[in-house]
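**Q** On the provided structure of chain A, position chains B, C and D as indicated by the hints.
Residue numbers (this note's numbering), protein chains in the order written: chain A, 1 to 177; chain B, 1 to 337; chain C, 1 to 658; chain D, 1 to 201.
Hints may contain errors.
Simulated crosslink set (BS3-like; lysine-lysine; CA at most 30 Å straight-line) [claimed, not checked]: (1) Lys-198(B) to Lys-349(C); (2) Lys-257(B) to Lys-126(A); (3) Lys-257(B) to Lys-337(B); (4) Lys-249(B) to Lys-126(A); (5) Lys-198(B) to Lys-337(B); (6) Lys-126(A) to Lys-337(B); (7) Lys-89(D) to Lys-651(C); (8) Lys-604(C) to Lys-231(C); (9) Lys-651(C) to Lys-604(C); (10) Lys-228(B) to Lys-198(B); (11) Lys-231(C) to Lys-84(B); (12) Lys-228(B) to Lys-337(B); (13) Lys-337(B) to Lys-249(B); (14) Lys-604(C) to Lys-89(D); (15) Lys-126(A) to Lys-98(A).
To give an idea of the chain C side of the interface with chain D (calculated C-beta under 8 Å), a few residues [what the hints assert, rightly or not]: (16) Thr-34; (17) Phe-145; (18) Asn-272; (19) Glu-275; (20) Leu-285; (21) Val-591; (22) Asp-600; (23) Ala-641.
To be clear, the hints were calculated from the coordinates, so they are not data collected in a lab. All values reported here derive from a predicted model rather than from experimental measurement. From the three backbone atoms N, C-alpha and C, an ideal C-beta is built for every residue, glycine too.
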Amino acid sequence: MRCAVAVLFPVVLMLVACQREERDTRPQSALGSGEQPTPVTTLEPGGQRPSPTDNKAASFEANAFHLSEGKRLFGWFNCSGCHANGGGGMGPALMDEKWIYGSSMESIHATIRDGRPNGMPSFRDKIPDDQIWELAAFVRSLSGNAPSSAAPSRNDDMMAHPSENRMPNAATLGKSP
Amino acid sequence: MKRFAPIAFATAIALFLQGCAGWQSALDPKGPAASELAWLIWFFTGLCAAVWVLVMIALALPLMMRPRERAEPLVIDADADNRKLRVVMTAIGLTAVILVGLTLLSFFANRTLAAIGSDAALTIRITGHQWWWEVRYEDATPSHILTTANEIHIPAGEPVRLLITSTDVIHSFWVPSLSGKLDLIPGHMNVLDIKADKPGVYRGQCAEFCGAQHANMGTFIIAEPREKFDAWWNDQLQPAAAPMSDEAKAGEDLFLKRPCVMCHKVGGTPAGGTVAPDLTHIASRQTLAAGTLTMSRGNLAAWIADPQGIKPGSHMPVADLSGDELNAIVAYLEGLK
Amino acid sequence: MSSADITSERDLRPEREASAKGDITPERDGPRDTGLDDASLHRWLARTWRTPPGIIGALSSVDHKVIARRYLITAFLFLCLGGLNAVVMRIQLSGPRRGLIGPDLYNQLFTMHGVTMMFLFAVPIVQATGIYLVPLMVGTRNIAFPRLNAFSYWVYVSGGLFAWVSFALSMAPDVGWFAYVPLSGPEYAPGKRADVWAQMITYTEVSSLAVAVATIVTVFKHRAPGMSLDKIPLYVWALLVTSFVVVFAMPAVMVTSTFLILDRLVGTHIFNPAEGGDALLFQHLFWFFGHPEVYIIFLPATGMVSAIIPAFARRPAFGHLGLVLSLIAVGFLSFGLWVHHMFATGLPKLGASFFTASSMMIAIPNGVQIFCWLATLWDGRPVIRTPLLFVLGFFFIFVIGGLTGVMLASVPLDLQVHDTYFVVAHFHYVLIGGSVFPLLGAAYFWFPKITGRMMSERLGRWHFWLAMVGFNAAFFPMHIVGLWGMPRRVYTYPAELGWGNINFFISAGAVLFFLSFVLFAFNLVHSALRGAPAGNNPWDAGTLEWATSSPPPSYNFARIPIVTNVEPLWAQREALPVATGLRVDVRELVVSTVAEAHPDIREKSATPSIWPLLAAIAVGGTFLYSIFTPWAIVWGAAPIAITLIGWFWPKGDPEDEE
Amino acid sequence: MNQRPAMDLSALPTFGHGPRSPTWWGTLGFMALEGTGFALAAGAYLYLATLWPNWRLSAPQPNHWPGTIVTLLLIASLIPNHILNGYAKQCAIGPVRIGMVVMSLLGIAPLVVRWFEFPALNIYWDTNAYGSMLWVLLGLHTTHLITDVGDTIVLTVLMFTHHGYSGRRFGDVGDNVFYWDFVVLTWIPIYLLIYWLPRLG
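Next comes chain A alone, as it looks inside the complex (with noise of 0.2 Å):
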């Protein structure tokens, strides 16, 4: 028993390190493009649906890297012109637990990409689809959605807000003590 814990440990560990500490710069179409169908709304006749998911929204998410990318492209893209860093502003806040499209990577994905009505533009043509997915990773981080041992910690800035691997836990954010 102690046996197979030693010998588990570390191989658990070296996946969930390699998948958090991998830093691929070029489109990874290896893991598909990651586009899913996305429904504005999780509600069907007959039950739930299971949120889709596949490789690539996972391998974002759940990669430091890729969520500090994120981080960087959501300041130099200007997000913080409607979002105010994830406060809300024109736009809606981030950093919250409602999701007026949903709160699935691929449905923030959608959102960046093809834009919303009521002002969020189509960055399509504009975002490379990689840094759109680092983009959308790094958003659901400012709700702590993101894993904390890979959120992006506090900018060498004003702080304006606790650091995202400070972010309480998503289940209980919005819920009042």
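**A** Chains B, C and D alone, transformed into the frame defined by chain A:
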């Protein structure tokens, strides 16, 4: 050891002679600061070599000349030890004198360096980014402030003041044939005065480890006669040239529609990104990607098609462009003289 | 040996002793060594001091020689790993624009090379040599705080594993061994790589600090009767000064790495200029440790040189007092030079000039040492054996490194060569010339003491010449390529700068230098198995470690020697005066006064215990967990407290009770 | 090598107090390195404080009262601490047991007040560098306080067992006294830095 010493020296000298013509070499000074420093380097080297040879002789002599091994370790000739003590004290005294001399020498060299830029007329602000240099020519008139990247034109024979800082990590600005290096530190503003004696192109590169592409963060100082520099400066102040051919026109449209526009600026067009090098006059530069590639149509196309193959980890992403789109964008950029 | 033998010995010394204190129960007494014949004395001591059998027994060992051997082997393995890193880097750099490895791996490689060589090889191996030799040289039976010593080995080895497992997982730090912020800070170093650096550094420094304290106390309180301050061997002085430097320098790097992980993990702003922090603060703190670090590695090596030269020059070191004073001077001055690593940061000119002066000044005590050694060699023809060859190589290389160090001390000159290959050449000349060559000499010198067998002289000479040629071929041209403008820490370089040929030459030299270590490893293994038996004192040297058998018994000395000269074995050729009256049924050793080494107390040394290992596991687990969450400190406190209580709680051994 | 007995050590005592004992020197060594850590943390604080002309960075003043109470408690505890040391030197088990209990309580008391010190700083560690340094300094000292109080409590328990009545244990008590002095003395400059330096600015 004795056998090896001459070989080492011969190799060293041969290698020195071969390399003195270097393009980015501290031993090939092209400005007053680097000349002062090269002299200092040679002086220190000569003195240190002499000291080293003396120590080696002192080491080799007992090995060669002493006839026999000592028999009884604790029987010591007090007179001999006293003589040795005098020699050792003299050697220590000499060491101290040499060191004081070298300290004074470096102090005065420092003062010479500080005097170089006291009357600089031109001030250039250099901001380090991962992994390129933002270059801004300061001017009292806001419309005369000029922004470019990686290549710094200066008038030859005139001192120029560089204000250097960083917005991300620490970099270090170093053009060996003109001057010593100075760090670019976020939250600090450093001042480096440089002067090139003669017109020429002097290569430099980042000298403080700054991440994935530290190796490919080159810069060039291009010293020109005053009138040529003024002409360059006036050209650079103009907005970008309008595309001449149809292909270039299509390229401009694509530039504004595709990812390029998110980060880069082209003066006179809606493209106004500030997080990547300003491309208003990119075709007038000699190199691409911070001194990594020489400027040519082929290299432009290669860089845009696969930046992550050329500079893995750099912040320029792979944009999904078709062959025609790529050609059009390259045609457009080529026209931005 | 049967227990019946022991009981029969017990009757030999029925003498009882009243305690000095009237208030406390008289000491339970046991047999003394006073009248014992050699054979029964050996039987008693061997039983009392042995490391228990079995795996648990081996893991419980507190014998300084056993632990030092483990330390030495582990450090040598890390040296090989770090050397392999270097060879891979050199292959990548052997030509311009070579595509063998990309920047991501290269940056991890050179960081791991630096971290491994500094924290997992150089400091541990000089301390390990001290752990082995200092108790023998001062004539005692074990190091002070033997369990702390065992603990520090476990901490060290797990810290090293931590770093190398991270490397295998592509999670190794890639921010340089110096890990400057902001590059290693929260914004620019995503993932856990920089956290691995921070915690691994803090953790392994715990081990260095513990060894340093144990060494200081061993030298201060466990010296053999009569070994007053002026009779302490130079090697022991060197280790003593080094340990003091460790005590005052290592906390700086722990503070630095703790600040860094606080910034990364809980969002403090210590290094964030936008919120009142400062990036240069990191450099000040780091180099306040980083410069003394060089002397931590170098000073023990000077001690080795001071031990080897007298043995082969056949006379005591010339200028013993001068050598001691210059060791102490170097130790002090090493704290006043850190800014010369920061001349390119644009500090105020006048302050920088002060550090030029102080950096130049440290050349004086180092010069004193060099001149004194030369004067020692000037009496008669030295006996040229492999250990002395490596010391001669040390002179050849280290003097170059020292002189280029003088060049780097000059602010303006430094601005041209700082962070170039010139500096890489300089510090390899200092560290390999100044520390690794003496260490290799020391390996040949003390190998007979450790294993009881001589190392092959023929292979030794081959090794020496291969190392000399390989080293100089690899590192001398780096001075030149640095002056030609090649910066450090680049994973590639363009062809048009003309650095290709010289880099190819450097890479070839590096491979040769690596091969010399392969030969050395072969010589070690071969000689350990087949070498000629050494006898107690194969070199006819004069210090106490040669008075006992090779390898030394678990109790080091059957009777504690009395010291009358700085080279006691030369002064007492016929018979060594010894002290008697120690108990043989418990681990008793002599505690003496600090200055005069008058025997003062018969103290019990700690018995073997598994708890130091368990404590190291608890502390290590806490550190590992703490790169993920600060709560690790809270959850880790309980196991740490339990293992520490287990460690210190008396088990009813006589050693604990009195 | 031949041996010649020349000295008899059998009359030596088997334990010593204070600087005679190696443990005392070991404790001193750890104090030196921990003291260096304190000094460097304080140095870092002063470095940042002199770097920024508007230091305290518009943060509110800390409330010094909890800190002052801790200071008074710590200074007061030095008296029983040294009385305990005297008994330990005399190897008087009864008074030493009482003294250890007293010292455990006098260790816990400032720890309880310390709990209220953190909110009294009136700033969080992640607000700005001033807040970070305050928390670091206070945290560093609190770590020492906790470990030493833990050590004292364990030793107190030990003194009540049958292991307590031995020379080595009395030496341990002496070293514990010594270390407590260190914990108290390092607090004074940190107290001044945290609560009184910001009042100057």
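**Q** All hints, please: hold or fail.
**A** So, going through the hints one by one against the coordinates:
no.	hint	in the structure
1	Lys-198(B) to Lys-349(C)	holds (28 Å)
2	Lys-257(B) to Lys-126(A)	holds (6 Å)
3	Lys-257(B) to Lys-337(B)	holds (22 Å)
4	Lys-249(B) to Lys-126(A)	holds (18 Å)
5	Lys-198(B) to Lys-337(B)	holds (25 Å)
6	Lys-126(A) to Lys-337(B)	holds (25 Å)
7	Lys-89(D) to Lys-651(C)	holds (24 Å)
8	Lys-604(C) to Lys-231(C)	holds (25 Å)
9	Lys-651(C) to Lys-604(C)	holds (14 Å)
10	Lys-228(B) to Lys-198(B)	holds (13 Å)
11	Lys-231(C) to Lys-84(B)	holds (22 Å)
12	Lys-228(B) to Lys-337(B)	holds (16 Å)
13	Lys-337(B) to Lys-249(B)	holds (15 Å)
14	Lys-604(C) to Lys-89(D)	holds (19 Å)
15	Lys-126(A) to Lys-98(A)	holds (27 Å)
16	Thr-34	holds (7 Å)
17	Phe-145	holds (6 Å)
18	Asn-272	holds (7 Å)
19	Glu-275	holds (4 Å)
20	Leu-285	holds (6 Å)
21	Val-591	holds (6 Å)
22	Asp-600	holds (6 Å)
23	Ala-641	holds (6 Å)
Violated hints: none; the structure is consistent with every hint.
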